[in-house]
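Generate coordinates for the entire structure from the input sequences, incorporating the hints supplied.
As a plain string of letters, each chain reads:
There are 2 protein chains.
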Amino acid sequence: MEAEKTPMSLKNLDGRLKRFKRQLEKLRLEAYLCLQPANIKYFTGSPAAGELAQGLLIPLEGEATLYISRMGSLQASKEAKIGLKIREAASPEDFSRKLKTEAGRFKGLGFDDAPYSLISRLKKAGLRLAQHAEAVVKLRQVKEAWEIKAIRRAVRLAEEALAEASKYVKPGVSELEVAAAAERVLRLGGSEFYPFSTLVASGFRASYPHAEPTRKKIRDGEPVVVDLGAKVSGYCADLTR
Amino acid sequence: MEAEKTPMSLKNLDGRLKRFKRQLEKLRLEAYLCLQPANIKYFTGSPAAGELAQGLLIPLEGEATLYISRMGSLQASKEAKIGLKIREAASPEDFSRKLKTEAGRFKGLGFDDAPYSLISRLKKAGLRLAQHAEAVVKLRQVKEAWEIKAIRRAVRLAEEALAEASKYVKPGVSELEVAAAAERVLRLGGSEFYPFSTLVASGFRASYPHAEPTRKKIRDGEPVVVDLGAKVSGYCADLTR
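Here the protein sequences come in this chain order: P and F. This note's numbering puts the first residue of the first sequence at 1, with every later residue one more than the last. This note's numbering puts the first residue of the second sequence at 1, with every later residue one more than the last.
Take the hints with a grain of salt, since some may be wrong.
Which chain P residues face chain F? A few, computed with CB under 8 Å, are given here [claimed, not checked]:
#, residue
1, Pro115
2, Ala179
3, Ser197
4, Tyr208
Hints in this document: simulated from the structure, not taken from any laboratory. Where is the CB? At the ideal position from N, CA and C, for every residue including glycine.
Below, the structure is given as structure tokens:
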């Protein structure tokens with residue numbers, strides 16, 4: 001299968017930010033801090049920003065600011081599909097300090113979620129943060145047309161990998177060989193890494209919810225469970241047979 | 001390469017818990033709540049507990065309690081290499097409630113780290129939690145002999161995958177094909193999934209810190225960066241060339 005690149009248009013992202021700002025107004029928030037990788041990617045269109053940024057500050061008025069290490073700033077600036085201020089933050093301490101300067105004036109500053117240790121650090125730095133994870137969740141729940149296309153492509157690619165796996169499921173083949181064959185189809189079909197560890201379990205371990213493939217060879221008449229996923233433009237499929 | 005199963009002996013885990021309880025005494029904590037998957041796996045020896053449990057409560061006196069969904073409890077009980085009480089927790093609400101009953105009496109209850117949303121929920125349920133991430137970090141920094149062996153095996157396996165990748169790096173081969181070949185060696189060599197997304201980047205993208213492989217074919221004279229990892233008994237290697 002040819003999993004073509006799904007285009008994210010600048011228009012999509014502008015629309016997202018507009019809809020999001022309407023939510024912020026309803027919640028009486030002056031700004032919002034995204035700390036979850038998937039949310040940062042959702043608003044910027046940059047996978048590298050999702051992986052490497054420390055945070056994305058979205059004020060009601062004006063441009064958003066992306067905080068990212070020097071290492072990642074060039075890639076994020078090239079990938080971002082929307083206008084952004086990019087500020088380098090060398091460490092969590094540096095991030096807190098710079099964020100305080102830019103966001104300390106906001107009385108209502110919402111955020112999504114992050115490790116407790118990071119939120120404690122930001123609060124100690126003087127930021128008045130209030131958790132409003134639902135603001136982004138609500139927005140992301142409603143899918144745009146191209147997002148639905150990406151999900152469909154991910155499902156089709158996962159189906160192809162399952163079909164390949166089922167060719168390998170026979171006595172004498174190891175669980176690892178089945179996993180490797182399925183993952184090869186996912187990779188060459190353009191899956192962005194794998195959304196989760198491919199599970200292949202035969203015999204009694206087929207009843208386990210989290211059974212990583214082993215060297216064990218499949219025996220005649222045994223049940224075999226395969227659970228795998230594909231990722232296209234950030235959207236995942238998860239199929240089990 | 002044959003990445004044999006590295007045995008975790010019950011003795012190892014008993015020693016870990018003893019050393020950890022000495023740290024809790026120094027910190028004047030009556031109990032400790034592990035919420036980080038890697039820490040739960042470290043103390044129980046169960047990968048499924050690491051992936052599926054909601055938390056592990058370690059009191060100074062008596063057995064530890066693992067909170068896990070009904071789906072994961074059988075697998076965790078079979079895998080755990082140490083004596084544990086296992087309590088089923090159906091949801092985060094159920095987890096907070098049961099934890100309050102068992103741990104509400106502890107005045108000093110340390111914890112490692114978790115999403116802010118979960119810690120807020122547990123605090124609202126009435127638990128007097130204090131973050132002491134350093135307690136587990138210090139313990140885990142000192143590696144046991146078998147842990148060093150596992151790390152060495154992970155490095156050797158990653159080296160084999162890099163050697164395979166370099167056979168594929170030539171004009172006309174796509175980045176995805178290089179990644180698929182390297183991952184096949186990792187999988188069949190027994191790597192437990194992959195510690196992170198295999199990066200293969202050619203041309204100008206070789207300068208990017210986070211460049212997922214694409215359909216782009218390698219051209220003559222281009223720089224190519226490969227960054228990959230292997231995982232053996234939970235211990236990871238990360239090599240870049």
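Requested in this report: Compare the structure with the hints numbered earlier in the document and write down the numbers of the violated ones, lowest to highest.
Outcome: none
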